[in-house]
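**Q** Okay, here's what each chain looks like letter by letter:
Number of protein chains: 2
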Amino acid sequence: MTVIVNTGDDFDWMGLRICPDLDTVMYTLAGIANPQTGWGIAGDTFEALGMLQKLGGETWFRIGDRDLAIDLRRTQSLREGKRLTDVTEALCRSLGITPNVRILPMTDAPVATLVDTDEGTLAFQDYFVRRAWQPVIRRIHFRGIERARPSIEVKAALDAADLVVLCPSNPFVSIDPILALDGVREQLREHRTLAVSPIIGGQAVKGPAAKMFHELGQAPTALAVARHYADFLDGFVIDRADADQRAEIERLNTRVLVTDALMRDGADRARLAREMLGFARTIPA
Amino acid sequence: MTVIVNTGDDFDWMGLRICPDLDTVMYTLAGIANPQTGWGIAGDTFEALGMLQKLGGETWFRIGDRDLAIDLRRTQSLREGKRLTDVTEALCRSLGITPNVRILPMTDAPVATLVDTDEGTLAFQDYFVRRAWQPVIRRIHFRGIERARPSIEVKAALDAADLVVLCPSNPFVSIDPILALDGVREQLREHRTLAVSPIIGGQAVKGPAAKMFHELGQAPTALAVARHYADFLDGFVIDRADADQRAEIERLNTRVLVTDALMRDGADRARLAREMLGFARTIPA
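Heads up: the protein sequence lines correspond to chains A and B, in order.
Using my numbering, the letters of the first sequence correspond one by one to residues 4 to 288.
Using my numbering, the letters of the second sequence correspond one by one to residues 4 to 288.
Only chain A is shown next, with the shape it has when bound in the complex (with noise of 0.2 Å):
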């Protein structure tokens, strides 16, 4: 299984490269995510923080003391001319993360999500977390994704891929930058290519995805999701709050399962995915 990751959000704090959605990915599947705060690591402490705040550094970003050991570890191989993916690479195999399971950067080159809203153009991590998604968006956009191609590890895995799944993340920020590197879509196209829905009932389960698709001048829809999707989706899975738009999805050239999409636990994620791999056998390579 290869895990391809956005690193749209990624920014730079107090001189260290911070990898939010790689980090995130990282600390579940090591099995010592945070399930309380969806981000960062279960019982970390905040003892650097809590004196640079004393000392009158920027805090709004938490950092705990072993995330912070994360990033320093992260950015001193960067600095040492390394790869984003040969450093994921090698802090997942750290972490114990078994080697059959690959993390995998989108792209190596920096990209930065950038969020034009009411209040201007703010960079990612200020509109989501120091602002809490509060302000009004009106255009997403990836600076320096032009100039950006995936990694050969990342076209190497769409390639032989058998099934591409998109998580249940956030269509515009989290899925889009990576759907925008050179390439992608296409490969996509040509692969069976499945996605969760992450609107269910028009709310997203969670994060600002129902609000993003307000403001954006779309309704928050599963049938939203898919026409996002539309170009490449071969199949798409909604809840059952969701069933009466399983028509309309399919008028797009998609197959729908409609199930309990809702992940509250381990025992759910196990039964989602078993159940996408057998709808993904209804579906012709």
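Just so you know, the hints here were simulated from the structure itself, not pulled from any lab data.
One should not assume that every hint holds.
Note that the list lumps identical chains together, so a pair holds whenever it fits in one copy or between two copies.
Unchecked claim - Below, in silico cross-link-like pairs of lysine to any residue (SDA-like), each with a Cα-Cα straight-line distance of 20 Å or less:
| # | residue 1 | residue 2 |
| --- | --- | --- |
| 1 | K57 | W136 |
| 2 | K57 | T101 |
| 3 | K85 | D15 |
| 4 | K57 | G46 |
| 5 | K209 | L219 |
| 6 | K57 | L265 |
| 7 | K85 | G60 |
| 8 | K158 | R195 |
Following the hints, put chain B in place on chain A, whose structure we already have.
**A** Chain B only, in chain A's frame:
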């Protein structure tokens, strides 16, 4: 009161600028020093370092989580182009050190203490911490010292000083770097300068001073320390254990105060400081 501090021990670790002597003086005067270790912050935790070890990072230099925050903040400020002198001033204020006490790095230029040993030339912290000062010293030198200048604040503080006191620090690696800066020795010759012997009864109060004297071909005695400073020394404080060296030290044209020179606690420090000030008054400016 102005404390002029050696920066020859400073080094880069994981992309951060570490200033062990400045930190120790700063933490001591802020009342947060760890009295057990002689370095670091009392009650500091080591979560980041523990994780770094897991990640294969170098962890022989023990940096606590709060300590790390100091290093992050300092490094960030230095990268913004601030002078170490100003960065240190800001850290002192944040840590609540009263404004009538100033801590000055001896220079804003990079100076690195190197130790030629029987195991080759070692960076200072490699010798001192990693190898626990066990290699046999042949020579000590200060890389960059020719180009380094004392800061204008250091020059001005020495110019304006009623009294200069060399604390009972290691003469070779803690005091000599300061003395080696252009013009400092000359300034001390023009001012009333006292020193406290770091050698008592042939032993270093702490650290490798006695071992270094041996390895550099001298007996470790209070007299040897006085000789080291003879060209500018007006008064020398020695312990009762070394009273027999009084006459020979006085022949260096230096007055001698024989007292209890070992500082075990705050009360000892206050007493010795008072005795020093009384002693200074007996010496013509």
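**Q** Each hint needs a verdict: does it hold in this structure or not?
**A** Results for each hint:
1. K57 - W136: Cα proximity of K57 and W136: none, with 26 Å in one copy and 35 Å across.
2. K57 - T101: This pair counts as between: shortest inter-copy Cα distance 16 Å, intra-copy 40 Å.
3. K85 - D15: both (17 Å within a copy, 19 Å between copies)
4. K57 - G46: between (22 Å within a copy, 16 Å between copies)
5. K209 - L219: Answer is within: at 18 Å inside a copy they meet the 20 Å cutoff, but 67 Å across does not.
6. K57 - L265: neither (41 Å within a copy, 35 Å between copies)
7. K85 - G60: Result: close only across copies, 15 Å inter versus 28 Å intra.
8. K158 - R195: within (15 Å within a copy, 73 Å between copies)
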